[in-house]
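Listed here are the chains, written in short residue letters.
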Amino acid sequence: MRLIRNIGEWFDHRLQLAAPIREAAQHPVPRSTASWFYVFGSAALTVFLLQVVTGILLALIYVPSAGEAWSSLQALNHGVTLGWFIRAMHGWGSNFMVAIVLIHMAQVFLFGAYKFPRELTWILGVFLLLMTLGMAFTGQIMRFDQDAYWGLGIGASISSRVPIIGPAVVKLLLGGPIIAGATLSRFFALHVFVIPGMLMAFVGLHLLMVLKLGINEWPMPGRVVKRATYERDYHDLTKQDGAPFFPYAIWKDLFFAAFIILAIAACAYYFGPFGPTGQPDPTIIQTAPKPDYFFLFLYAVLSLLPPSLETPFLLIVPPVVILALILLPFLSGEGEKSWKRRPIAVLAVLLIAITLGTFTRLAQFAPWSPHMNAWSGDPVPENFIHGTTALERQGALVFQVKQCRNCHSLGDIGGQRGPALDGVAVRLTQDQLIRQVIQGGGNMPAYAKNLSPAETTALVAFLETLHPPKQAPARDASREFVVGDNAQKSPGTQP
Amino acid sequence: MSTKPVIVPSTDRTVSRRGFFTKMGMLFNGFAALVLAAPFARYLLSSVTHGRGNGYLSWVPLGHVDEFPEGETRLATFQNPYVMPTDGKTVDTACWVRHVAEDQFQVFAINCAHLGCPVRWFPQSGLFMCPCHGGAYYRDGSRASGPPERGLFEYPYKVENGLITIKAGELPTPGAAMASLSSEKPPCA
Chain R
262 MRLIRNIGEW FDHRLQLAAP IREAAQHPVP RSTASWFYVF GSAALTVFLL QVVTGILLAL
322 IYVPSAGEAW SSLQALNHGV TLGWFIRAMH GWGSNFMVAI VLIHMAQVFL FGAYKFPREL
382 TWILGVFLLL MTLGMAFTGQ IMRFDQDAYW GLGIGASISS RVPIIGPAVV KLLLGGPIIA
442 GATLSRFFAL HVFVIPGMLM AFVGLHLLMV LKLGINEWPM PGRVVKRATY ERDYHDLTKQ
502 DGAPFFPYAI WKDLFFAAFI ILAIAACAYY FGPFGPTGQP DPTIIQTAPK PDYFFLFLYA
562 VLSLLPPSLE TPFLLIVPPV VILALILLPF LSGEGEKSWK RRPIAVLAVL LIAITLGTFT
622 RLAQFAPWSP HMNAWSGDPV PENFIHGTTA LERQGALVFQ VKQCRNCHSL GDIGGQRGPA
682 LDGVAVRLTQ DQLIRQVIQG GGNMPAYAKN LSPAETTALV AFLETLHPPK QAPARDASRE
742 FVVGDNAQKS PGTQP
Chain Y
16 MSTKPVIVPS TDRTVSRRGF FTKMGMLFNG FAALVLAAPF ARYLLSSVTH GRGNGYLSWV
76 PLGHVDEFPE GETRLATFQN PYVMPTDGKT VDTACWVRHV AEDQFQVFAI NCAHLGCPVR
136 WFPQSGLFMC PCHGGAYYRD GSRASGPPER GLFEYPYKVE NGLITIKAGE LPTPGAAMAS
196 LSSEKPPCA
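Protein chains in written order, with the numbering used here: chain R, 262 to 756; chain Y, 16 to 204.
Be a bit skeptical, because a hint or two may be false.
What the hints assert, rightly or not - Partial pick of chain Y residues on the chain R-facing surface, computed with a CB cut under 10 Å:
#: 1; residue: V50
#: 2; residue: R89
#: 3; residue: L90
Stated by the list, open to error - In silico lysine to aspartate or glutamate, EDC-like type, Cα no more than 20 Å apart, as pairs:
#: 4; chain 1: R; residue 1: K710; chain 2: R; residue 2: D692
#: 5; chain 1: Y; residue 1: K173; chain 2: Y; residue 2: D81
#: 6; chain 1: Y; residue 1: K104; chain 2: R; residue 2: E380
#: 7; chain 1: Y; residue 1: K173; chain 2: Y; residue 2: D118
#: 8; chain 1: R; residue 1: K731; chain 2: R; residue 2: E643
#: 9; chain 1: R; residue 1: K710; chain 2: Y; residue 2: D81
#: 10; chain 1: R; residue 1: K487; chain 2: R; residue 2: E597
#: 11; chain 1: Y; residue 1: K104; chain 2: R; residue 2: D542
#: 12; chain 1: R; residue 1: K513; chain 2: R; residue 2: E492
#: 13; chain 1: Y; residue 1: K173; chain 2: Y; residue 2: D155
#: 14; chain 1: R; residue 1: K473; chain 2: R; residue 2: D502
#: 15; chain 1: R; residue 1: K487; chain 2: R; residue 2: E329
#: 16; chain 1: R; residue 1: K473; chain 2: R; residue 2: D494
#: 17; chain 1: R; residue 1: K710; chain 2: Y; residue 2: D155
#: 18; chain 1: R; residue 1: K710; chain 2: Y; residue 2: E87
Hints listed in this document are in silico derivations from the structure and should not be mistaken for laboratory results.
All values derive from a computational prediction rather than experimental measurement.
Glycine included, each C-beta is placed from N, C-alpha and C at the ideal position.
Extracted from the complex, chain R is given alone in its bound form:
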């Protein structure tokens, strides 16, 4: 024991780190902050360190070359002992990190921790969020598969919309004219050198400020932040009702950190690594690329926005959101901290969470995407052709062969891009059906050039059978008077 102490003292005589470390560990914190709500910051740091470790382990095998990255991932998954587990840890770690950083941010916002004098801590936190998302995106590129390849194409298409400098930005992003070797190399440099380096520096400053300014006290309704008095009040609070951070508060951080690491390991073990999907070969076009979960909301937004609003949205909204987050502590640097007295803050968090959640959920179904194989793969449900005439069956065939099914579902099977056609005959008369098929409109292509008159007749005859059994199809009442009784002969209607 004495030997260990002597060695320790020998080092500390030279390093002189023991005193500042002890001071930092035992700095007094308000007792109220030893709470399970205060564990997310340290959890984010824990996951970041875990990502550094698993990232270095992956770099021992991974080859950042467009020609070999995919095969090296296969080797990791199947060839190297426990390579799959390290990949899965890194992939699940990234998912956890994005989630924890967002939860940490929401907690800090709801507890008013961004207010005076912790404005800069919040602003650094905003940049840390952006860097985390940057790591998530560049990490998705490291998994150099079809999704990564076409995801880069989407990134390039978005960047190209920047006025004037768009094309130059694309070439700078891709490192050349196309998505190729230089693209992967530069995203590798971003993912393992540039962004992690910045992350470490920013995390260091972020932590330093938490130490220097003190952790945010538990917000009490009515205890209002004022620039003139806050720091003295906080000092008094830590004196009267404070306790050393170590060991009074840290044990919850320690428990949660270990829990998160084990949770990531459990996910990695049970669900395994992410991909890689198909090879990044641009000539394989049978692919429907989708982003990882943290960018699914963007995928949904880009599908649902009116086309004319898309470019302004992409170019204006992100800077405005970032600016708003940076300005937040200056706009409400004083006042109430407690969420109980800040209904708009609570509603804002709920609104953002519900919006992001809804878009993410929608993007998992992607109802806006045509089902590329529905026309050849999905059967026409039996009840839709039971008791139909030859003409109507021919129409059902036309319906399938002309890929109508890719966008329109029957019996809940098929694409959801257009409306389900189970009851279309109730909504549209014969003439309206013909017009819609021939001319398109309302986001449907016109089929006039691709349907012969006979095919159109058969198709519309089939569509007119699509109504609930006890509900008559729509009919144009005026036609009977203009053309005569037999003018509107809808199959399936009683004369």
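Fit chain Y to the known structure of chain R by using the hints.
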């Protein structure tokens, strides 16, 4: 040492020898930084500057006319003219070739004009459909429905001795040079 050097904050405008050299040292480092900044920036921006004008674009053979029957649209692949040793399969590019009539063709980029996903051709309904956000185009490449704001990108082409060549080399994006190139009349149309 018994006497510590006393640093007196100078109120007058005299400059000490040390102060002067410190400032010169900083200036000298600034100069060194400037000398390095130029090559660093040029290296960093080389992918942009190389592409000025038609830097990356060149004529690429696509195949013999006979491979593309008249009235049909077929998938063709070509190798991107600008190749780096680590590119692997990524230099192989696909495109859709529509043989309109005789020497008249249309060569469409595989990338959707919305966000660049690979569009697929459906001959039965005469539509190109995009699997990502549901963009659809008619057989002549014009926009049919969905989020794209324009038709498919077209490569300029020429037919010589029965061989189709296209001017390619850049990823077609809504803001890129190729988008404006496609509005040029192809030499043989």
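Status of the hints after comparison with the structure:
| no. | hint | verdict |
| --- | --- | --- |
| 1 | V50 | violated, 23 Å |
| 2 | R89 | violated, 13 Å |
| 3 | L90 | holds, 7 Å |
| 4 | R/K710 to R/D692 | holds, 18 Å |
| 5 | Y/K173 to Y/D81 | holds, 15 Å |
| 6 | Y/K104 to R/E380 | violated, 49 Å |
| 7 | Y/K173 to Y/D118 | holds, 9 Å |
| 8 | R/K731 to R/E643 | holds, 18 Å |
| 9 | R/K710 to Y/D81 | violated, 26 Å |
| 10 | R/K487 to R/E597 | holds, 9 Å |
| 11 | Y/K104 to R/D542 | holds, 5 Å |
| 12 | R/K513 to R/E492 | violated, 26 Å |
| 13 | Y/K173 to Y/D155 | holds, 18 Å |
| 14 | R/K473 to R/D502 | holds, 18 Å |
| 15 | R/K487 to R/E329 | violated, 59 Å |
| 16 | R/K473 to R/D494 | holds, 15 Å |
| 17 | R/K710 to Y/D155 | holds, 11 Å |
| 18 | R/K710 to Y/E87 | holds, 15 Å |
When each numbered hint is compared with the structure, violations occur for hints 1, 2, 6, 9, 12, 15.
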